[in-house]
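J.: Model the full structure from these sequences, guided by the hints.
First to last, the protein sequences are chains A and B. For the first sequence, the working numbering begins at 1 and goes up steadily by one. For the second sequence, the working numbering begins at 108 and goes up steadily by one.
Hints in this document: simulated from the structure, not taken from any laboratory. The structure presented is a predicted model; accordingly, all values stated were derived computationally and were not measured. There could be a bad hint or two in this list.
[Said to hold, decoys possible] Take a look, some chain B residues computed to stay more than 10 Å from chain A by CB distance: (1) T124; (2) G160; (3) V169; (4) L181; (5) G205; (6) R221.
[What the hints assert, rightly or not] Stretch-level coverage of chain A by chain B, calculated; a stretch enters the list once three of its residues show a Cβ under 8 Å from a Cβ in chain B: (7) 37–46; (8) 95–103.
Built from N, CA and C at the ideal position, the CB exists for glycine as well.
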Amino acid sequence: KNEVEQSPQNLTAQEGEFITINCSYSVGISALHWLQQHPGGGIVSLFMLSSGKKKHGRLIATINIQEKHSSLHITASHPRDSAVYICAVTTGNQFYFGTGTSLTVIP
Amino acid sequence: GAVVSQHPSWVICKSGTSVKIECRSLDFQATTMFWYRQFPKQSLMLMATSNEGSKATYEQGVEKDKFLINHASLTLSTLTVTSAHPEDSSFYICSARGAGQGWSGEQYFGPGTRLTVT
Chain A
1 KNEVEQSPQN LTAQEGEFIT INCSYSVGIS ALHWLQQHPG GGIVSLFMLS
51 SGKKKHGRLI ATINIQEKHS SLHITASHPR DSAVYICAVT TGNQFYFGTG
101 TSLTVIP
Chain B
108 GAVVSQHPSW VICKSGTSVK IECRSLDFQA TTMFWYRQFP KQSLMLMATS
158 NEGSKATYEQ GVEKDKFLIN HASLTLSTLT VTSAHPEDSS FYICSARGAG
208 QGWSGEQYFG PGTRLTVT
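T.: Right under this line is the structure:
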């Protein structure tokens with residue numbers, strides 16, 4: 001059983017659509033990260049959060065510690081948002097990674 | 108934001124040779140650097156954690172004699188894949204965390220190095 005589960009695994013959306021990617025975890029965490037991996041492989045850290053909600057541009061990340069669940073939302077999606085989105089959690093001395101959600105935004 | 112670079116971005120080597128990959132923090136001091144590998148269509152797998160000036164801590168199942176990690180300065184860590192074999196072909200990614208950050212601290216990822224062993 002994976003400590004971090006993401007859904008969906010693959011997602012195709014039309015440009016402009018509102019997108020939600022979900023992450024559930026089963027361990028006690030000190031922080032949760034949302035990462036974006038571009039087709040070439042490079043990784044960008046989008047958010048690090050331990051409670052509540054964060055917003056950066058068209059991206060919004062929320063976390064519910066009691067339910068052990070986080071969501072990443074993309075508003076007004078654009079083809080350049082096409083990437084793999086990875087949820088990762090840290091427990092204090094360990095990292096666990098989700099298998100990623102592959103997002104394709106069609107013009 | 109903070110920038111982490113890796114060199115080379117891709118490398119092809121013959122089986123049995125050794126390959127060194129560099130990870131540099133360009134505008135901050137990284138007391139801790141992490142090395143990951145990623146197989147196609149799979150998620151990141153942490154290989155080891157290195158702290159400046161001390162020996163790296165390897166994850167279970169990672170051969171420390173095969174994957175040599177040196178974190179000699181606050182801005183540079185190197186991963187050397189010794190006696191490389193085709194099964195070592197993978198995408199290697201480093202990340203760095205600044206001084207004073209705990210395990211919850213922000214990590215900054217390098218762009219990755221694609222290694223192909225022929």
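J.: If a hint holds in the structure, say so; if it does not, say that too.
T.: Hints versus structure:
| no. | hint | result |
| --- | --- | --- |
| 1 | T124 | holds, 23 Å |
| 2 | G160 | holds, 20 Å |
| 3 | V169 | holds, 14 Å |
| 4 | L181 | holds, 20 Å |
| 5 | G205 | holds, 13 Å |
| 6 | R221 | violated, 7 Å |
| 7 | 37–46 | holds (count 6) |
| 8 | 95–103 | holds (count 5) |
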